[in-house]
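Quick note, the sequences are listed as chains C and G, same order. Just so you know, numbering that gives the first Met the number 0 puts 159 at position 160 of the first sequence, and the rest follows in order with no gaps. Just so you know, numbering that gives the first Met the number 0 puts 257 at position 258 of the second sequence, and the rest follows in order with no gaps.
Do not rely on the hints blindly, as some may be mistaken.
Every beta carbon over 10 Å from chain G, so not counted as near; a handful from chain C, in silico [unchecked claim]:
id, residue
1, Pro32
2, Gly42
3, Arg50
4, Ala70
5, Ile100
6, Gly141
7, Leu163
8, Tyr176
9, Gly180
10, Lys197
11, Ser199
12, Ala317
13, Asn320
14, Glu323
Okay, derived cross-link-like pairs now, DSSO-like style, lysine-lysine, Cα gap no bigger than 30 Å in a straight line [claimed, not checked]:
id, chain 1, residue 1, chain 2, residue 2
15, G, Lys141, C, Lys49
16, C, Lys188, G, Lys321
17, G, Lys199, G, Lys141
18, C, Lys197, C, Lys251
19, C, Lys49, G, Lys234
Just so you know, the hints here were simulated from the structure itself, not pulled from any lab data. The structure displayed is predicted, hence computed values, not measured ones. Glycine included, every Cβ here is placed at the ideal spot set by N, Cα and C.
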Amino acid sequence: MSVITYREAVSQALKEALDEDERTFLIGEDIGPYGGAFAVTKGFWDEYGKRRIKDSPLSESAFTGAGIGAAMAGLRPIVELMTINFSLLAADQIVNHAAKIRYMSNGQFTAPLIVRTVTGGGAGVASTHSQCFEGWYASVPGLQVVVPSTPRDVLGLFRSCRDLEDPVLFVEHILLYGTRGEVPDTSEKIPIGLADVKRSGNDISIISYSRMVQVSEAAAELLSQDGIDAEVIDLRCLRPLDIPTLVESAKKTHNVLVVEEAPQLGGFAGEIVANVQQEAFDYLDAPVGRIAGEEVPIPYSYPLEQMSIPDPERVAQAARNILER
Amino acid sequence: MSTSPDKDLGKVQLVDLYRQMRLIREFERESERQYTRGNIRGFLHVYSGEEAIAVGAMSTLTPEDYIVTHYRDHGQALARGISANEAMAELFGKSTGCSGGKGGSMHLFDAAKNFMGGYAIVGGQLPIATGLALASQYRDEKRVTLCFMGDGAINEGEFHESMNLASIWDLPIIFFCENNLYGMGAPASTTLHMYKEIYKMADAFGMASYQVDGNDVLAVRELMLKATDHVRSGKGPLFIEAHTYRLRGHSVADPADYRPDEEVKYWEGLDPLPRYQEWLIGEGLISEEEIDEINSSVDDEIVAAAEFAGNSPFPVPEDLYKGVYNE
Chain C
0 MSVITYREAV SQALKEALDE DERTFLIGED IGPYGGAFAV TKGFWDEYGK RRIKDSPLSE
60 SAFTGAGIGA AMAGLRPIVE LMTINFSLLA ADQIVNHAAK IRYMSNGQFT APLIVRTVTG
120 GGAGVASTHS QCFEGWYASV PGLQVVVPST PRDVLGLFRS CRDLEDPVLF VEHILLYGTR
180 GEVPDTSEKI PIGLADVKRS GNDISIISYS RMVQVSEAAA ELLSQDGIDA EVIDLRCLRP
240 LDIPTLVESA KKTHNVLVVE EAPQLGGFAG EIVANVQQEA FDYLDAPVGR IAGEEVPIPY
300 SYPLEQMSIP DPERVAQAAR NILER
Chain G
0 MSTSPDKDLG KVQLVDLYRQ MRLIREFERE SERQYTRGNI RGFLHVYSGE EAIAVGAMST
60 LTPEDYIVTH YRDHGQALAR GISANEAMAE LFGKSTGCSG GKGGSMHLFD AAKNFMGGYA
120 IVGGQLPIAT GLALASQYRD EKRVTLCFMG DGAINEGEFH ESMNLASIWD LPIIFFCENN
180 LYGMGAPAST TLHMYKEIYK MADAFGMASY QVDGNDVLAV RELMLKATDH VRSGKGPLFI
240 EAHTYRLRGH SVADPADYRP DEEVKYWEGL DPLPRYQEWL IGEGLISEEE IDEINSSVDD
300 EIVAAAEFAG NSPFPVPEDL YKGVYNE
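Same shape as in the complex, but just chain C (with noise of 0.2 Å):
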């Protein structure tokens, strides 16, 4: 075991890409002697030339496109999509097109390529570089998402990814980069499509993703100090989503609470729901509850950006309200 920051295990998952995989090249915005603009590709310009490092011009729809074009004839190419903000930019490229291909083709053709890019608020950056798009992807079906919270998690997945033969969003939280966490030694892959359970409770599941797995955390440490006892699940994926995981955990502990860090309405923390009620309906003691970000462009100014995204003790609060009914 070694302990990394969250940025090196995405460095470090993009090396074995590329060190492993003569058909693997990197496409994106300033990842070249710039080195990204998270310093995720810090030093690959000198390392692996501009044959493997496509520093490619702002144009998010056609260098994803390239990816996906690349990608159907044979190549394994990784693409960075600087922030999932950007990503609506090639959206036509990523749901049209990369989504479709093996459907609308009989199979003839395939997009096995991973298009990484970043989610999230918290960074002062206000409500064009704040929002959280996996859970509008993850609705598309031929595509996956995958959501992880870890550097362990990072790394495993990735891995994973990796050996698909279809695309993968692979969603990165600008918040997550500086966080720190123990990775095994070996070369560990991470199923894609199975939840986590990072935190085994009996009294309540609280549920979430990428950086909320913190704030739930976090919150199920506040719950602890008044006895109560929750677990937390870490999604890892939207799509595909692992529901009996979940299932299981409702039926255990008999109280559910989803933490999502986009809006409520329309978010994926409703599709979670849906799910645990329809399968776990009779073990539940109490409507399962959600935890989202506000309905607000997220603002620039530090308390209500604060304000407008779930914090520790707002999940807290929503689970003790649950158990209090």
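Given chain C, put chain G in place with the hints provided.
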């Protein structure tokens, strides 16, 4: 015709270009018929009037070359060698179609022929074609990617982004604009400042570009020979604008009554089929009788294709979930 006979082509090949054009024209006539009978659903955009482009261009490619195109894709599919049977069956939504009935008219695919697909989001095929060319460059192949688009696509951001990427990375790709003067119902004169000289837009990307009479199959072929040489010899991307005209509306649902009669008449006078037929006869390469024989053999092929499509089975219910992901 504007050109002298192609040195590379003997009589048999020259006559075959006619046959291919005729096959596309009759395929489209039949597809419109089948549409009105309810055997073809959704949108049907026929290629009638533009045959010289697909046939002339495709005649210069090797089997390794990649072709990417737009939703008006029947002509290119047939010119690349997808059979009338498979194409018609796809229009019918049958399992024997070249996309297994999953894609329909706008989404024809054939991996064995490197026909990388018809794409129905205008401009969406350009980034993908750019990526195919990038893959060829990455692997140091001599392959050319030929990417078709209409004049409507020029106004999409994906056109400008892709032209730029191809240019800065010297990718082995030919961007081929079929300028038929209308983007659906909108005359290009109202939507694009450079609508008569789209090829000049390539100058902004430092890309070699040419304009050609798209209703002259030999002119298209001649220019494409030059273009494929240019790209294969590592000189980077190239842009072609071919002027042509839809003899029918945007889709079968469109009577195209927004087009002035004199304009339609003018272009009917430039119909690539009679033009090429007259040229072949004038050059003594074919007789009227031989033309009749070809036409009648094409008719038979089309009748057979409609029968094949009609008699083919629809996909089975299990096919609904097949092919969303790797299985």
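In terms of Cβ atoms, is chain G entirely out of 10 Å range of Pro32(C)? 15 Å, holds
Taking C-beta pairs only, is Gly141(C) more than 10 Å away from all of chain G? 6 Å, violated
In terms of Cβ atoms, is chain G entirely out of 10 Å range of Arg50(C)? Answer for Arg50(C): violated, closest chain G Cβ roughly 7 Å.
Sort out whether Lys321(G) lies within 30 Å of Lys188(C), counting only the CA atoms. Measuring from Cα to Cα gives roughly 26 Å; hence the hint holds.
Holds or violated: Lys199(G) and Lys141(G), Cα atoms, limit 30 Å. Given that 30 Å is the threshold and the Cα spacing comes to 27 Å, the pair holds.
Using Cβ atoms and 10 Å as the threshold, tell me whether Gly180(C) really stays out of contact range of chain G. 30 Å, holds
With d taken as the least Cβ-Cβ distance between Ala317(C) and chain G, does d exceed 10 Å? Given a closest Cβ separation of 35 Å, the condition holds.
Whether Leu163(C) stays farther than 10 Å from all C-beta atoms of chain G, as the label says: At roughly 7 Å from the nearest Cβ of chain G, Leu163(C) sits no farther out than 10 Å, so the non-interface label is violated.
Checking the smallest CB distance to chain G, is Ala70(C) really beyond 10 Å? 7 Å, violated
Check on Tyr176(C) being off the interface with chain G, judged by Cβ distance over 10 Å: Nearest chain G Cβ is 28 Å from Tyr176(C), so the label holds.
Quick check for students: does the CB of Lys197(C) sit more than 10 Å from each CB in chain G? Lys197(C) is indeed farther than 10 Å from all Cβ atoms of chain G, at 27 Å.
Please verify whether Lys197(C) and Lys251(C) have alpha carbons no more than 30 Å apart. 15 Å, holds
When each numbered hint is compared with the structure, violations occur for hints 3, 4, 5, 6 and 7.
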